Amino acid sequence: MDDPTRMLSGLTGLSGLGQADVGDPDAVRKQALGQPQQDIGDILQQIMAITDESLDEAQARKHALNCHRMKPALFSVLCEIKEKTVLSIRGVQEEDPPDPQIMRLDNMLLAEGVSGPEKGGGSAAAAAAAAAAGGSPTDSSIEHSDYRAKLAQIRQIYHSELEKYEQACSEFTNHVMNLLREQSRTRPISPKEIERMVAIIHRKFSSIQMQLKQSTCEAVMILRSRFLDARRKRRNFNKQATEVLNEYFYSHLSNPYPSEEAKEELAKKCGITVSQVSNWFGNKRIRYKKNIGKFQEEANLYAVKTAVDAASVSAQASQANSPATPNSGSPGSFSLSHTGDAYLGLRSLNGEALNIAPSLQPQVCTEEQLHS
160 MDDPTRMLSG LTGLSGLGQA DVGDPDAVRK QALGQPQQDI GDILQQIMAI TDESLDEAQA
220 RKHALNCHRM KPALFSVLCE IKEKTVLSIR GVQEEDPPDP QIMRLDNMLL AEGVSGPEKG
280 GGSAAAAAAA AAAGGSPTDS SIEHSDYRAK LAQIRQIYHS ELEKYEQACS EFTNHVMNLL
340 REQSRTRPIS PKEIERMVAI IHRKFSSIQM QLKQSTCEAV MILRSRFLDA RRKRRNFNKQ
400 ATEVLNEYFY SHLSNPYPSE EAKEELAKKC GITVSQVSNW FGNKRIRYKK NIGKFQEEAN
460 LYAVKTAVDA ASVSAQASQA NSPATPNSGS PGSFSLSHTG DAYLGLRSLN GEALNIAPSL
520 QPQVCTEEQL HS
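Numbering (the numbering used here), first residue to last: 160 to 531.
Treat the hints with care, as some may be off.
Within a straight-line C-alpha distance of at most 25 Å, the following computed PhoX-like cross-link-like pairs (lysine-lysine) qualify [claimed, not checked]:
{"hint": "1", "residue 1": "Lys241", "residue 2": "Lys323"}
{"hint": "2", "residue 1": "Lys443", "residue 2": "Lys427"}
{"hint": "3", "residue 1": "Lys443", "residue 2": "Lys422"}
{"hint": "4", "residue 1": "Lys230", "residue 2": "Lys243"}
{"hint": "5", "residue 1": "Lys241", "residue 2": "Lys230"}
{"hint": "6", "residue 1": "Lys422", "residue 2": "Lys464"}
{"hint": "7", "residue 1": "Lys443", "residue 2": "Lys464"}
{"hint": "8", "residue 1": "Lys448", "residue 2": "Lys422"}
{"hint": "9", "residue 1": "Lys351", "residue 2": "Lys243"}
{"hint": "10", "residue 1": "Lys422", "residue 2": "Lys398"}
{"hint": "11", "residue 1": "Lys443", "residue 2": "Lys428"}
{"hint": "12", "residue 1": "Lys363", "residue 2": "Lys398"}
{"hint": "13", "residue 1": "Lys449", "residue 2": "Lys422"}
{"hint": "14", "residue 1": "Lys448", "residue 2": "Lys398"}
{"hint": "15", "residue 1": "Lys464", "residue 2": "Lys427"}
{"hint": "16", "residue 1": "Lys443", "residue 2": "Lys398"}
{"hint": "17", "residue 1": "Lys449", "residue 2": "Lys427"}
{"hint": "18", "residue 1": "Lys464", "residue 2": "Lys398"}
{"hint": "19", "residue 1": "Lys398", "residue 2": "Lys449"}
{"hint": "20", "residue 1": "Lys428", "residue 2": "Lys449"}
{"hint": "21", "residue 1": "Lys398", "residue 2": "Lys427"}
{"hint": "22", "residue 1": "Lys448", "residue 2": "Lys464"}
{"hint": "23", "residue 1": "Lys363", "residue 2": "Lys351"}
{"hint": "24", "residue 1": "Lys323", "residue 2": "Lys230"}
{"hint": "25", "residue 1": "Lys363", "residue 2": "Lys323"}
{"hint": "26", "residue 1": "Lys323", "residue 2": "Lys309"}
Label pairs and their computed distance ranges (CB to CB) [to be verified]:
{"hint": "27", "residue 1": "Ile381", "residue 2": "Lys449", "range": "56 to 62 Å"}
{"hint": "28", "residue 1": "Glu320", "residue 2": "Glu354", "range": "25 to 31 Å"}
{"hint": "29", "residue 1": "Ser343", "residue 2": "Glu216", "range": "20 to 26 Å"}
{"hint": "30", "residue 1": "Leu339", "residue 2": "Ser366", "range": "18 to 24 Å"}
{"hint": "31", "residue 1": "Gly200", "residue 2": "Cys226", "range": "25 to 31 Å"}
Rather than coming from a laboratory, the hints here were simulated on the basis of the structure.
The structure presented is a predicted model; accordingly, all values stated were derived computationally and were not measured.
Yeah, the Cβ is synthetic: ideal placement off N, Cα and C, and Gly gets one too.
Using the sequences provided together with the hints, build the complete structure.
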């Protein structure tokens with residue numbers, strides 16, 4: 160027959176056969192001669208009812224179709240129809256270029272040591288973060304181990320989810336390929352069409368892959384930011400260390416560049432490393448040059464403190480070296496208290512050169528001088 164509609168109507172007549180008449184050409188011919196041809200509505204109704212059939216009924220219908228004598232003719236007609244319609248899709252591009260966003264995510268994950276072979280990417284990232292925070296690798300071994308441990312957790316979760324994704328994509332792809340191969344026994348399906356369908360499936364699944372990689376990159380960025388913030392918080396020295404460093408800075412204001420020996424001594428006093436001392440002085444010089452007026456008052460205060468300390472040491476030394484000096488319990492003795500020292504020092508904060516050491520020397524006065 161040349162009319163596809165007549166062949167389809169003849170094939171759909173198989174639904175009225177009994178189980179014993181399935182595959183019998185004479186029974187099909189007898190039924191076709193005795194019943195009127197079905198219209199397209201009945202055919203569509205039967206197609207829609209396929210989903211409600213049991214597995215045994217579906218297998219029986221498929222077996223009847225494969226054994227039908229008109230199946231080769233139906234297949235040839237479907238090939239002719241496909242040959243006419245396939246011309247419109249030959250110009251479609253077969254392969255799409257790789258997604259640039261996925262390429263960027265892959266490069267980032269590879270650089271951070273999350274994807275690919277584990278070759279110390281986490282250590283390199285931790286060292287880079289430590290360098291950006293102003294520390295050295297030896298000073299932040301604990302932070303590095305913590306960073307590597309958390310990065311290893313992210314890597315493990317990423318590979319676990321990626322394995323689930325690849326498994327789901329493979330299972331679905333194999334299912335579709337088996338389905339298409341099964342259908343190729345009834346309708347013409349070329350291997351290239353199966354490959355194109357696999358590519359479409361992979362494109363659909365690539366959105367899931369992109370979301371997974373993007374979430375992993377965000378987790379790595381959050382980890383790095385927390386690592387740097389934690390190091391910045393730990394960089395703040397205690398009050399005593401800051402006092403020691405400021406005192407040295409303002410006492411050497413004409414040349415605030417400590418030598419290596421001075422740096423080592425300051426590092427021991429403050430309980431920090433030499434590199435941290437160097438970084439502190441570098442930052443202090445920059446801040447001082449940018450705002451000299453603001454730091455001038457601080458410089459005066461530290462100059463007063465230095466002068467008071469020097470005067471106190473000198474007074475104690477003179478008292479120890481002169482046994483004729485009366486003690487504090489003698490009626491003719493008089494010495495300035497620490498409150499008086501601070502008072503005299505604060506009176507000189509007018510921007511002029513501070514020279515209060517002579518006025519702070521111990522004074523021995525008579526009773527007439529005291530009353531006058």
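Evaluated hints:
1. Lys241 <-> Lys323: Roughly 37 Å separates the two Cα atoms, so the pair is violated.
2. Lys443 <-> Lys427: holds (19 Å)
3. Lys443 <-> Lys422: holds (14 Å)
4. Lys230 <-> Lys243: holds (20 Å)
5. Lys241 <-> Lys230: Roughly 16 Å separates the two Cα atoms, so the pair holds.
6. Lys422 <-> Lys464: holds (22 Å)
7. Lys443 <-> Lys464: Cα-Cα ~19 Å, so holds.
8. Lys448 <-> Lys422: holds (21 Å)
9. Lys351 <-> Lys243: OK: Lys351 and Lys243 at ~17 Å, within 25 Å.
10. Lys422 <-> Lys398: This hinted pair holds, its Cα atoms lying about 18 Å apart.
11. Lys443 <-> Lys428: Holds, at about 18 Å.
12. Lys363 <-> Lys398: Roughly 59 Å between the alpha carbons, so the hint for Lys363 and Lys398 is violated.
13. Lys449 <-> Lys422: Since the Cα atoms of Lys449 and Lys422 sit roughly 24 Å apart, the hinted pair holds (cutoff 25 Å).
14. Lys448 <-> Lys398: The hint holds at about 23 Å.
15. Lys464 <-> Lys427: Cα-Cα ~22 Å, so holds.
16. Lys443 <-> Lys398: With Cα atoms ~16 Å apart, Lys443 and Lys398 stay inside 25 Å; holds.
17. Lys449 <-> Lys427: Outside the cut-off at roughly 29 Å; violated.
18. Lys464 <-> Lys398: holds (16 Å)
19. Lys398 <-> Lys449: holds (23 Å)
20. Lys428 <-> Lys449: violated (28 Å)
21. Lys398 <-> Lys427: With a Cα-Cα distance of about 15 Å, the restraint between Lys398 and Lys427 holds, given a limit of 25 Å.
22. Lys448 <-> Lys464: holds (22 Å)
23. Lys363 <-> Lys351: holds (19 Å)
24. Lys323 <-> Lys230: Distance ~42 Å between Lys323 and Lys230 Cα, so the pair is violated.
25. Lys363 <-> Lys323: holds (16 Å)
26. Lys323 <-> Lys309: Roughly 21 Å separates the two Cα atoms, so the pair holds.
27. Ile381 <-> Lys449: 56 to 62 Å: Violated, at about 33 Å.
28. Glu320 <-> Glu354: 25 to 31 Å: Because 27 Å falls inside the window, the suggested range holds.
29. Ser343 <-> Glu216: 20 to 26 Å: Given about 23 Å between the Cβ atoms, the range holds.
30. Leu339 <-> Ser366: 18 to 24 Å: Taking Cβ atoms as reference, Leu339 and Ser366 lie about 23 Å apart, which means the hint holds.
31. Gly200 <-> Cys226: 25 to 31 Å: holds (27 Å)
In this structure, the earlier hints numbered 1, 12, 17, 20, 24, 27 are contradicted, and the remaining ones agree with it.
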